[in-house]
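Kindly produce the complete structure, drawing on both the sequences and the hints.
So the sequences go chain by chain: A and B.
First residue of the first sequence? That's 1 in the numbering used here, and the numbers climb one at a time after it.
First residue of the second sequence? That's 1 in the numbering used here, and the numbers climb one at a time after it.
Keep in mind that a hint or two might mislead.
In silico DSS-like cross-links for lysine-lysine, where the CA-CA straight-line distance does not exceed 25 Å [to be verified]:
1) 10(B) to 193(A)
2) 104(A) to 10(B)
3) 265(A) to 70(A)
4) 265(A) to 68(A)
5) 104(A) to 193(A)
6) 104(B) to 189(B)
Selected chain A positions facing chain B (Cβ under 10 Å, derived; list incomplete) [as the list claims (entries may be wrong)]:
7) 20
8) 23
9) 39
10) 100
11) 122
12) 125
13) 140
14) 250
15) 263
16) 280
Ranges of calculated distance between the beta carbons of each label pair, as one might list FRET restraints [unchecked claim]:
17) 294(A) to 142(B): 21 to 27 Å
18) 109(B) to 286(A): 19 to 25 Å
19) 80(A) to 42(B): 18 to 24 Å
20) 197(A) to 42(B): 54 to 60 Å
21) 152(A) to 137(B): 53 to 59 Å
22) 64(B) to 49(A): 56 to 62 Å
23) 17(B) to 197(A): 15 to 21 Å
24) 110(B) to 144(A): 32 to 38 Å
25) 170(B) to 57(A): 52 to 58 Å
26) 33(B) to 152(A): 20 to 26 Å
27) 57(A) to 64(B): 56 to 62 Å
28) 49(A) to 30(B): 20 to 26 Å
29) 288(A) to 179(B): 44 to 50 Å
30) 77(A) to 135(B): 31 to 37 Å
Calculated from the structure, these hints are not laboratory results.
These figures come from a predicted structure and were not determined experimentally.
Built from N, CA and C at the ideal position, the CB exists for glycine as well.
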Amino acid sequence: MTVAAATALRANPDRNFRYWLLTPAIFLLLLVGLFPLFYSLVVSFMRIDMMDTDTSFAGLYNYANMFKDKRLWAALGHTLLITVIALPIELLLGLAMAYLFLEKLPGRQIFISLLVLPTIISPIVAGATWRLLFDNRYGPINQVLGWFAGHPVTALWTINPHLVYPAIIFCEIWQWTPFMFLILLAALSNVDKSQTEAAAIDGAGFFRTFRRIVLPAIWPVMAIAILIRGLDLARIFDIIWALTSGGPGTMTETISVYTYAQGFKQFETSYTAAIAFLVIVILTIVVTWAIRRMGLAK
Amino acid sequence: MSSLPFHRRKNVRLTLRYFLACMLVLIFVFPVYWLFIISFKTPDEIFAFPPVWYPKSIQFSNYMVLFKDGDAETVLNSLILATASTFIAMILGTIAAYSLVRFKTGGENLAVWIISQRMMPPVAIVFPVFLLYVFFGWVDTFFGLILLYTAFNLPYVIWMMRGYIEDIPLELEESALVDGCSRWAVLWKVVMPMARSGLFATAVFTFVFAWNEFLFALVLTRTEVTTYTVQVTHYFGGQSNFWAKIAAMSVLGTIPVFFAVATMQRYLVRGISMGAVKG
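Written out as structure tokens, the structure reads:
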């Protein structure tokens with residue numbers, strides 16, 4: 001392709017063509033992207049709830065209420081807790097698995113296909129499946145634990161306050177480690193082998209080679225994988241809904257579950273809008289910071 | 001170890017890796033196995049203590065019930081929603097991506113804004129959208145959900161198709177233009193066919209997203225367009241669950257995805273990582 005040719009193509013008469021191509025997509029994106037943002041912002045300064053449709057300007061009323069709302073901060077804390085535990089485990093386990101399948105192995109392709117199954121099923125189905133697995137009496141998990149313990153185990157995985165988080169994180173890790181695995185496997189396969197071999201000949205150990213040669217090579221891909229998973233974890237809803245619905249009480253309520261409850265159970269229209277806006281702001285800040293920090297901005 | 005000959009050491013290593021691989025597959029596949037197996041169990045087998053690890057015979061009565069009660073129709077609803085929204089998102093997204101790539105419309109800023117829309121937390125969108133839909137009477141309609149799924153998938157489609165379209169040589173389009181094709185004809189007769197493999201790969205993931213989606217469906221459907229994911233949660237109970245129905249419904253909803261992904265396996269990596277890994 002030449003510069004002249006590209007210019008010719010661009011200078012072709014039908015000048016509005018390129019805008020016609022974009023119009024429907026932009027319209028839809030504004031509808032689901034900008035409209036909710038704008039709406040949330042406006043309504044969050046009013047006082048609309050189930051009883052009252054007061055649309056007069058209420059100032060920072062809803063935002064002030066947030067500081068007193070312990071359930072909101074708890075929900076943010078739960079979301080953070082799940083994220084900081086599940087994300088590193090998924091990453092490290094995925095990386096270890098990627099190394100395991102990096103070299104030749106008989107039936108490698110079949111293994112990989114089977115390992116990817118959890119990632120492609122619906123999170124709701126994943127949650128439902130683990131609900132069945134975790135059942136205290138008819139589920140296989142307590143049964144297997146019983147074999148090791150030597151006596152029957154009747155742990156209430158989705159009810160016992162000490163066990164709900166392990167249950168949720170287990171399910172989460174089960175579903176999304178294969179995602180990390182698949183991406184990291186592709187990234188590792190692209191690392192220049194002559195470099196790692198040269199390092200091995202020079203007597204560099206595994207960790208040294210990994211830190212100096214492999215990690216810089218796979219980092220751009222790994223950073224995006226971390227970003228995608230981090231974002232998904234920050235908005236986790238389906239798995240919680242299927243496993244615990246936020247219970248016992250509000251113990252496993254994440255920010256998404258809490259926002260849902262405020263909007264569709266308490267009908268706190270204005271307050272929900274304020275929370276939605278807060279969530280968008282927090283995520284935007286964190287993501288922008290993460291993109292800079294991870295060197296993804298170009 | 002060091003006293004062993006080199007090839008023996010290599011064999012030990014391979015055996016160990018093989019063993020680990022098998023253990024991993026066992027752990028990751030077992031839950032899926034359990035889901036399938038429960039859907040074929042009789043009530044006696046489901047509520048047996050200790051649990052039955054494999055059913056004595058395969059029987060389909062759990063599925064029969066779903067078809068008889070009409071619950072299985074929710075899978076059809078999911079199919080309509082996912083297919084229609086994928087189709088529309090692919091067309092709108094591809095032509096938008098073409099504009100971004102060939103004419104640099106809006107520059108880098110527009111492209112970044114589009115991908116940033118993907119980061120929107122669904123829960124922050126769903127509430128305003130719900131009120132909007134109530135106003136227009138779009139709640140519980142196919143139109144409403146197709147519109148939303150299409151819009152939600154657009155950033156992904158545009159982002160992915162941008163990469164594929166960049167790979168198409170410009171000369172082909174030029175010669176078509178010289179031959180007297182209109183702009184639209186170039187798009188349909190040159191660009192679309194050239195980007196075919198990219199279109200399919202992207203479509204699979206768009207389809208899977210719409211197929212597996214839950215939150216929007218939960219909020220925006222009532223009885224007419226209930227999806228299978230929402231239907232599964234209807235079988236959850238406070239004290240007891242309808243286990244057979246949960247399992248059978250989940251399997252009905254999972255098989256099409258397995259099928260879609262299996263046929264598109266070679267595109268899996270590039271699709272899953274949003275083009276981060278050139279697969």
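For each hint, the structure was consulted:
1. Taken as a hint, the residue 10(B) and residue 193(A) pair is honoured in the structure, with Cα atoms around 19 Å apart against an allowance of 25 Å.
2. At roughly 12 Å between alpha-carbon atoms, residue 104(A) and residue 10(B) fall within 25 Å of each other, so this suggested pair holds.
3. Of the supplied pair hints, the one linking residue 265(A) and residue 70(A) holds, its CA atoms being roughly 18 Å apart against a limit of 25 Å.
4. Between residue 265(A) and residue 68(A) the alpha-carbon distance is near 20 Å, which keeps this suggested pair within the 25 Å criterion.
5. Straight-line distance between C-alpha atoms of residue 104(A) and residue 193(A) comes to about 14 Å, which keeps the hinted pair within the 25 Å bound.
6. Using a Cα cut-off of 25 Å, the hinted pair residue 104(B) and residue 189(B) holds, with the two alpha carbons roughly 21 Å apart.
7. Here the hint on residue 20(A) is kept, as its CB sits about 8 Å from the closest CB of chain B, short of 10 Å.
8. Hint on residue 23(A) holds. Least Cβ distance to chain B is approximately 9 Å, under the 10 Å limit.
9. Look at residue 39(A): its Cβ gets to within about 4 Å of chain B, closer than 10 Å, so that hint holds up.
10. Satisfaction of the interface hint for residue 100(A) is found here, the shortest Cβ-Cβ separation to chain B being roughly 6 Å, below the 10 Å cut-off.
11. Using the Cβ-Cβ criterion of 10 Å, the hint placing residue 122(A) at the interface with chain B is satisfied: the shortest such distance is roughly 4 Å.
12. At a threshold of 10 Å, the smallest CB-CB gap from residue 125(A) to chain B is about 4 Å, leaving the interface hint in force.
13. Nearest Cβ of chain B to the Cβ of residue 140(A): about 5 Å, under the 10 Å cut. The hint holds.
14. At a threshold of 10 Å, the smallest CB-CB gap from residue 250(A) to chain B is about 16 Å, leaving the interface hint violated.
15. Checking residue 263(A) against chain B by beta carbon gives a least distance of about 4 Å; that is within 10 Å, so the hint holds.
16. Proximity of residue 280(A) to chain B holds as hinted, the smallest CB-CB distance being about 5 Å (cut-off 10 Å).
17. At roughly 40 Å, the beta-carbon separation of residue 294(A) and residue 142(B) lies outside the given 21 to 27 Å, and the hint is violated.
18. With their beta carbons about 21 Å apart, residue 109(B) and residue 286(A) fall inside the hinted range of 19 to 25 Å.
19. The supplied range of 18 to 24 Å is broken by residue 80(A) and residue 42(B), whose beta-carbon atoms lie about 44 Å from each other.
20. In this structure the hint that residue 197(A) and residue 42(B) lie 54 to 60 Å apart at CB holds, the actual value being about 58 Å.
21. Taking the beta carbon of each, residue 152(A) and residue 137(B) are about 55 Å apart, inside 53 to 59 Å as hinted.
22. Remark: the range hint 56 to 62 Å for residue 64(B) to residue 49(A) is contradicted by a beta-carbon distance near 46 Å.
23. Evaluation of the 15 to 21 Å hint for residue 17(B) and residue 197(A) yields a pass: the beta carbon distance comes to about 19 Å.
24. A hinted range of 32 to 38 Å for the beta carbons of residue 110(B) and residue 144(A) is inconsistent with their spacing of about 53 Å.
25. In this structure the supplied range 52 to 58 Å holds for residue 170(B) paired with residue 57(A), their Cβ-Cβ distance being about 54 Å.
26. Between residue 33(B) and residue 152(A) the Cβ separation comes to about 23 Å, which falls inside the hinted range of 20 to 26 Å.
27. Our hint of 56 to 62 Å for residue 57(A) and residue 64(B) holds, since their Cβ atoms are close to 59 Å apart.
28. Taken as a hint, the range 20 to 26 Å is violated for the pair residue 49(A) and residue 30(B), whose Cβ atoms sit roughly 47 Å apart.
29. For residue 288(A) paired with residue 179(B), a C-beta distance near 47 Å keeps the hint of 44 to 50 Å intact.
30. The given range of 31 to 37 Å is respected by residue 77(A) and residue 135(B), whose C-beta atoms sit roughly 35 Å from each other.
Violated hints, in rising order: 14, 17, 19, 22, 24 and 28; the structure is consistent with all others.
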